[in-house]
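These protein sequence lines are chains A and B, in that order. 71 is the number that the numbering used here gives to position 71 of the first sequence; each next residue is one higher, with no gaps. Numbers given in the numbering used here equal positions in the second sequence, counted from 1, plus 1000.
Some hints here could point you the wrong way.
[Unchecked claim] Once the Cα atoms are required to be at most 27 Å apart in a straight line, the calculated DSS-like pairs of lysine-lysine come out as:
#1 A/K100 to B/K1148
#2 B/K1009 to B/K1133
#3 A/K189 to A/K199
#4 A/K100 to B/K1091
#5 B/K1133 to A/K51
If you are wondering where the hints come from, they were derived from the structure by calculation, not from laboratory data.
Here is how the chains run, residue by residue.
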Amino acid sequence: MEDTRLIENHQRLGQDFVEKETTTLNLGPTHPATHGVFQNILEMDGERIVKAESTVGYIHRAFEKIAERRPFYQVTPLTDRLNYCSAPINNTGWLMTVEKLLEIKIPKRVDYMRIIIMELARISDHLICNSVVGVDSGAYSGFLYVMQYRELIYEIYEEICGSRLTTNIGRVGGFERNFNETVFRKIDKFLKEYPKVLKEFEKLFNRNRIFIDRTVGCGPISAERALNYGFTGPNLRAAGVDYDVRVAHPYSSYEDIEFSVPVGSTGDSYDRFLVRNEEMWQSMSIIKQALELMKKEPEDVFHANAPKYYLPKKEDVYTKMEDLIWHFKIVMGEVDIPPGEVYHSVEGANGELGFYLISDGGRAAYRLHFRRPCFIYYQAYPELVQGALLSDAVICMSSLNLIAGEMDA
Amino acid sequence: MALTNDFIKLRLTEKFGEALSAFEEPYGLLTFTVSKELNLKILQFLFDDTELQFQFLTDLTAVHYPDNKGAELAVVYHLNSLKNNVKLRFKVYTDIKDPKVYTATSLYASANWMERETYDFFGVEFVGHPNLKRILNVDEMDYFPLRKEYPLEDQTRIDKDDDMFGRGGATVSGY
Chain A
1 MEDTRLIENH
11 QRLGQDFVEK
21 ETTTLNLGPT
31 HPATHGVFQN
41 ILEMDGERIV
51 KAESTVGYIH
61 RAFEKIAERR
71 PFYQVTPLTD
81 RLNYCSAPIN
91 NTGWLMTVEK
101 LLEIKIPKRV
111 DYMRIIIMEL
121 ARISDHLICN
131 SVVGVDSGAY
141 SGFLYVMQYR
151 ELIYEIYEEI
161 CGSRLTTNIG
171 RVGGFERNFN
181 ETVFRKIDKF
191 LKEYPKVLKE
201 FEKLFNRNRI
211 FIDRTVGCGP
221 ISAERALNYG
231 FTGPNLRAAG
241 VDYDVRVAHP
251 YSSYEDIEFS
261 VPVGSTGDSY
271 DRFLVRNEEM
281 WQSMSIIKQA
291 LELMKKEPED
301 VFHANAPKYY
311 LPKKEDVYTK
321 MEDLIWHFKI
331 VMGEVDIPPG
341 EVYHSVEGAN
351 GELGFYLISD
361 GGRAAYRLHF
371 RRPCFIYYQA
381 YPELVQGALL
391 SDAVICMSSL
401 NLIAGEMDA
Chain B
1001 MALTNDFIKL
1011 RLTEKFGEAL
1021 SAFEEPYGLL
1031 TFTVSKELNL
1041 KILQFLFDDT
1051 ELQFQFLTDL
1061 TAVHYPDNKG
1071 AELAVVYHLN
1081 SLKNNVKLRF
1091 KVYTDIKDPK
1101 VYTATSLYAS
1111 ANWMERETYD
1121 FFGVEFVGHP
1131 NLKRILNVDE
1141 MDYFPLRKEY
1151 PLEDQTRIDK
1161 DDDMFGRGGA
1171 TVSGY
């Protein structure tokens, strides 16, 4: 009897006192659960979120302004730092924008090489995102398990361009050097080993009671709202819209490759997780097809024939007059850039990554704008978490794959 | 029938006539200019028209043309008709002294932050925006950094006056 009365007292106190006053909770900017530098000011009623407000811009680096002073090839390292989990997609997207402006025709083999690189990047991005959803829902082992396979991907990047995270991969017109034997060997190794791991990863999560309880119905969005909020990429597809830039506006010869676009239905965290997982399978199949298609192309082609824009070989710069001149002209921004306006978009790991480039014929862009998918869909976050529990807000955030670098540009 | 640029152009000129100008198709993307009072009407028309259905706002940003007196700021909309798989772009020019443009937030929730970003960097005031304040820059900032009068490097430095390297005073359009 006494116990019941105690509970009643407690509840009454709750109704009179707690519900009138809400608590303000800062989730971020340096909270471990945000996985990046951005802030959510949550108005909490106990464990429930009454209202959320997002603040971004903590690592804004004014890339758009910097790009107005830099020759095009110096902008590539800036794009690395947008979504740094899949830098090669950003690099390639930017290079393709420039190539569109300069009207450079890219050989098929280079297209396929780029597809391989971009799909590897997509896998590494999705792998991080999905395993981090696991971490945030209390399953740490999946994260540790797949992490070493991201390492394999980074080793492939390293073999191609020399760096791992901020890759600065490729040149206007193609790649700086051809894929060597080791690259192919490492890709094969990855393609051989990763499916088993991904399967195991799916076994750990997909039908896991706890994981399902934590993610199903967490942060759902309808297709209509998602479109209105400008969602793209896996987050939009999880809501049931099959928009994929690779299919809708094929670039880099994606039209030569067969793959399916996985879609979800409810747009909740679980669907986003499943869509990303399935996309990893699709990416592996794309890489295999691209490797096959590459074999049909001449082996020594790794860049377009565009001497005015493609940096000459370093050895030749030291030994040949013509190459030295071109090297100097390209590096100093003395080559002719046609004036024009280009919008080019690629399917980044988070969605439609667009580059809006205006050239006035000068050495640098007159204006460059990045359409950053993260920045656009993050504004839906308050709507997604309203009324949810604090722990749901954390999972919802990590399943949206918010990358602060991309958001703030 | 696939939706062609010519058809969109015809449809728009039928409805709005003289208000649209500078039709172009750079790299296959239909581009035109709209007078600034009409931006919302155009967006609404493109959104509602059963054949066009441009219901996805891909991108919204601005460009500063300091030499274009009386119409220095251009607000650029990129729209996508997912149903027809067609994109288009249109621009709205506004005077920098009175940079008021109607907000698109009533049609697209995604326009909210994109317009805030545009305001933050260019000072375009979106009339009717629910929460028009700075987003990426600090709230205390009292200028709009992507306008062309703000050069990237500190112009008082004298150790870096080499025009060859794009530094020096020779910036765009005489600033």
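These are the hints, each one checked on the structure:
1. Between A/K100 and B/K1148 the alpha-carbon distance is near 25 Å, which keeps this suggested pair within the 27 Å criterion.
2. Note on B/K1009 and B/K1133: the hinted pairing is violated, with a Cα-Cα distance of about 35 Å set against a maximum of 27 Å.
3. Among the hinted pairs, A/K189 with A/K199 is consistent with the structure: their alpha-carbon atoms are about 16 Å apart, no more than 27 Å.
4. Proposed proximity of A/K100 and B/K1091 is supported: the alpha carbons are some 21 Å apart, at most 27 Å.
5. For the given pair, B/K1133 sits about 19 Å from A/K51 by alpha-carbon distance, which is consistent with the 27 Å threshold.
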